[in-house]
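Participant: Take a look at the letters that make up each chain.
Protein chains: 4
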Amino acid sequence: MIGIEDEAFIRSDVPMTKQEIRVLTLVKARILPGDIVWDIGAGTGSISVEAARLATKGHVYAVERNPEGIRLIRANAEKFAVTNLTAIESEAPEGLDVLPAPDAVIIGGSGRRLDPVLDIIAARLKTGGRVILNCITIQTLASCLAYMRAHKDIFHYEAIQVQISRLEAVGPYDMARALNPIHIVTCWKN
Amino acid sequence: MIGIEDEAFIRSDVPMTKQEIRVLTLVKARILPGDIVWDIGAGTGSISVEAARLATKGHVYAVERNPEGIRLIRANAEKFAVTNLTAIESEAPEGLDVLPAPDAVIIGGSGRRLDPVLDIIAARLKTGGRVILNCITIQTLASCLAYMRAHKDIFHYEAIQVQISRLEAVGPYDMARALNPIHIVTCWKN
Amino acid sequence: MIGIEDEAFIRSDVPMTKQEIRVLTLVKARILPGDIVWDIGAGTGSISVEAARLATKGHVYAVERNPEGIRLIRANAEKFAVTNLTAIESEAPEGLDVLPAPDAVIIGGSGRRLDPVLDIIAARLKTGGRVILNCITIQTLASCLAYMRAHKDIFHYEAIQVQISRLEAVGPYDMARALNPIHIVTCWKN
Amino acid sequence: MIGIEDEAFIRSDVPMTKQEIRVLTLVKARILPGDIVWDIGAGTGSISVEAARLATKGHVYAVERNPEGIRLIRANAEKFAVTNLTAIESEAPEGLDVLPAPDAVIIGGSGRRLDPVLDIIAARLKTGGRVILNCITIQTLASCLAYMRAHKDIFHYEAIQVQISRLEAVGPYDMARALNPIHIVTCWKN
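Protein chains in written order, with the numbering used here: chain L, 1 to 190; chain V, 1001 to 1190; chain U, 2001 to 2190; chain G, 3001 to 3190.
Chain L on its own, in the form it takes in the complex (with noise of 0.2 Å):
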């Protein structure tokens, strides 16, 4: 079952995706057992621990260009004892050539190169294959967006903004502390 606490992730600085979140994407992602999925911009691995618990026969890789993130996303496999999910140090797209096509793809980061990225998914993915994206910045958006409004011949999608508040107990009162909003950007390969 998804919905793995966050505070079970190991995490130092590393922002991770909060559980809700992972949540959603991890639903809107379909993962099925045999699935070969692509975590881009994986951060601590959160999300790509938790495709590898319903990717029980397929594999994830965790491209994450950030060395601290690398080790990271092996703690947390190992912690959650996931063997089928191999961590690349690379900033997409390099590093994608190599892996194999995947079934679903999950961009959590794509550094400043989406487009790029976007084309080397749009020709390796699956028919009927997935890419979710989550956006916290307007430009990831609206590039996301006109992405896929410019390949309506490969790609249609759907989009959410999910935004989150959580009560706090302060005495004998609950009051609401937001969550930044968050963007989740669903794309089906025709």
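Incorrect hints may have been included.
[Claimed, not checked] Here are the simulated DMTMM-like pairs of lysine to aspartate or glutamate, each with C-alpha atoms no more than 20 Å apart in a straight line:
#: 1; chain 1: L; residue 1: LYS189; chain 2: V; residue 2: GLU1005
#: 2; chain 1: U; residue 1: LYS2079; chain 2: U; residue 2: GLU2005
#: 3; chain 1: U; residue 1: LYS2189; chain 2: G; residue 2: GLU3005
#: 4; chain 1: V; residue 1: LYS1189; chain 2: L; residue 2: GLU5
#: 5; chain 1: U; residue 1: LYS2018; chain 2: G; residue 2: GLU3158
#: 6; chain 1: L; residue 1: LYS79; chain 2: L; residue 2: GLU5
#: 7; chain 1: G; residue 1: LYS3079; chain 2: G; residue 2: ASP3006
#: 8; chain 1: U; residue 1: LYS2189; chain 2: U; residue 2: GLU2158
#: 9; chain 1: L; residue 1: LYS152; chain 2: V; residue 2: GLU1168
#: 10; chain 1: U; residue 1: LYS2189; chain 2: U; residue 2: ASP2097
#: 11; chain 1: G; residue 1: LYS3079; chain 2: G; residue 2: ASP3097
#: 12; chain 1: V; residue 1: LYS1079; chain 2: V; residue 2: ASP1013
#: 13; chain 1: U; residue 1: LYS2152; chain 2: G; residue 2: GLU3168
#: 14; chain 1: G; residue 1: LYS3189; chain 2: G; residue 2: ASP3153
#: 15; chain 1: V; residue 1: LYS1126; chain 2: V; residue 2: ASP1115
#: 16; chain 1: V; residue 1: LYS1018; chain 2: L; residue 2: GLU158
#: 17; chain 1: V; residue 1: LYS1152; chain 2: L; residue 2: GLU168
#: 18; chain 1: G; residue 1: LYS3152; chain 2: U; residue 2: GLU2168
#: 19; chain 1: G; residue 1: LYS3018; chain 2: U; residue 2: GLU2158
Hints were generated in silico from the structure; no laboratory data involved.
With chain L fixed as given, assemble chains V, U and G onto it according to the hints.
Facilitator: Below, chains V, U and G alone, put in the same frame as chain L:
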């Protein structure tokens, strides 16, 4: 895997929990294969069906006072070939006392009798069990929080508000269409 | 014109209502030049100062229990050259009975004594007068709604939740930083 | 005082900016009594009317391509006895070049020609003047941000997203009904 598309469920005018909220609710409920689940105010049965697919060796009891809801729950159970789901036409807390003790309880609607419903759950829920409330009104949320604060010896809780907007393509533009916000309260029996 | 920039106010550690919320609160209060305004839980006096600039021929009474708040209210009144503003060190409802009857009341904080505060307002507020509550906790919101529903002969109300995020420029990107949501309840004396 | 109730405006099917957004837009525009204001994509004229009540010794030019909008703008100007407001049937940037140089520009809608509209504003807006954009689409927001980033020598900006929900009384309950979120971008000419 959880996260059936909304469109896949049979529904009529009965309000249905949206996919994203359904998924977060199920994740918070942490349903295990052998679990007994009560789904109170089950509506169309969309949560019940997904819970039944998680509690593969357990059983889900969908309690709903609306006869049209009962019809939909059964139709959806049949559509998704779920056999470990029983629809019970009753207005909670009536009917809860004869059910097997639950591991997890989901409350989508409690009519106007939240406190007596929570009293029965407090008595019957297994230690370590979870109660998840989807609150669409301020009064239900406040009542739930007040109950949990008054029963700290039995329960602890956390709560989030979730606000989702869907981007809708209108010509060359994507416009956000807001869904109504909802609070999800997760309570654990100590 | 209302809408002084947050940075223009003198403040210390005392929490201050953000510009957008202050503006919406003042608009809902519909303060006229001759109005008597009570600002209960006035904090830094940011709302009081803006109210005083609207009630040019009236007077604003800023009630605050925190001595540091009282100091800031007076400093801000001086900075903005507002002379029709009196800071009163008191914990409401104490001190309210000796004030002139109000046309508008703004409640930014009521400590834990909302009901007795609303009782005095119900008695003293002029017919057609407005009470605006900024609620940052679920309990204050629920208490306010319950009070208004129990006193339909005296008041009617409407309420909004406001969630604001600021875009923050980070290199070539704009990222949303969420502010905590707040409820604004507007009550009219029938 | 700004903040006319939505119901007070004459309107038909033309979409109207909601009171809360209108108020925040006007506050960000910081309109002074002598100001020249352009309201581009003025719709029903609700913002134009309120701007005209602020620019009491100035003038507001409401540019709108929709003839029905022009009719509504004039009807609302008459209803609120505003005489310093001129409705101009035109699709911006057409028609802007003959208007007096503005102190403040409000853009509620720019059709598909945001860049040429901003080019004229960049040329004509007085130093220290403000441009406020209400963006309901991701593309308009992204285009605006890109323009401002490309013209840092001329403009600086800030932006917020505003999400409002109204509580609706349903029997003994208050349920949140979400309004669609909107981005408000405030740009200052250096």
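Participant: Each of the hints needs a verdict: does it hold here or not?
Facilitator: Results for each hint:
With a C-alpha separation of about 18 Å, the suggested pair LYS189 of chain L and GLU1005 of chain V falls inside the 20 Å cut-off, and the hint holds. Of the supplied pair hints, the one linking LYS2079 of chain U and GLU2005 of chain U holds, its CA atoms being roughly 13 Å apart against a limit of 20 Å. Proposed proximity of LYS2189 of chain U and GLU3005 of chain G is supported: the alpha carbons are some 18 Å apart, at most 20 Å. Between LYS1189 of chain V and GLU5 of chain L the alpha-carbon distance is near 18 Å, which keeps this suggested pair within the 20 Å criterion.
Distance check on the hinted pair: LYS2018 of chain U and GLU3158 of chain G sit about 15 Å apart at the alpha-carbon level, within 20 Å; holds. At most 20 Å may separate the alpha-carbon atoms for a hinted pair to count; LYS79 of chain L and GLU5 of chain L meet this at roughly 13 Å. A threshold of 20 Å between alpha carbons decides the hint, and for LYS3079 of chain G with ASP3006 of chain G the separation of about 13 Å falls inside it, so the pair holds. Distance hint between LYS2189 of chain U and GLU2158 of chain U is fulfilled; the C-alpha atoms sit about 12 Å from each other, no more than 20 Å.
With a C-alpha separation of about 16 Å, the suggested pair LYS152 of chain L and GLU1168 of chain V falls inside the 20 Å cut-off, and the hint holds. For the hint linking LYS2189 of chain U to ASP2097 of chain U, the alpha-carbon distance of about 18 Å falls within 20 Å, and the restraint holds. Using a Cα cut-off of 20 Å, the hinted pair LYS3079 of chain G and ASP3097 of chain G is violated, with the two alpha carbons roughly 29 Å apart. Taking the CA atoms of LYS1079 of chain V and ASP1013 of chain V, the gap is near 18 Å; set against the 20 Å cutoff, the hint holds.
As the CA atoms of LYS2152 of chain U and GLU3168 of chain G are separated by approximately 16 Å, the hinted pair is consistent with the 20 Å bound. For the hint pairing LYS3189 of chain G with ASP3153 of chain G, the CA-to-CA distance comes to about 9 Å; that is within 20 Å, so the pair holds. Between LYS1126 of chain V and ASP1115 of chain V, the direct Cα distance comes to roughly 18 Å. Compliance with the 20 Å bound is thereby established for this hinted pair. A threshold of 20 Å between alpha carbons decides the hint, and for LYS1018 of chain V with GLU158 of chain L the separation of about 15 Å falls inside it, so the pair holds.
This hinted pair checks out: LYS1152 of chain V and GLU168 of chain L have alpha carbons roughly 16 Å apart, not beyond 20 Å. Taken as a hint, the LYS3152 of chain G and GLU2168 of chain U pair is honoured in the structure, with Cα atoms around 16 Å apart against an allowance of 20 Å. Of the pairs offered as hints, the one joining LYS3018 of chain G and GLU2158 of chain U holds, with about 15 Å between alpha carbons and a cut-off of 20 Å not exceeded.
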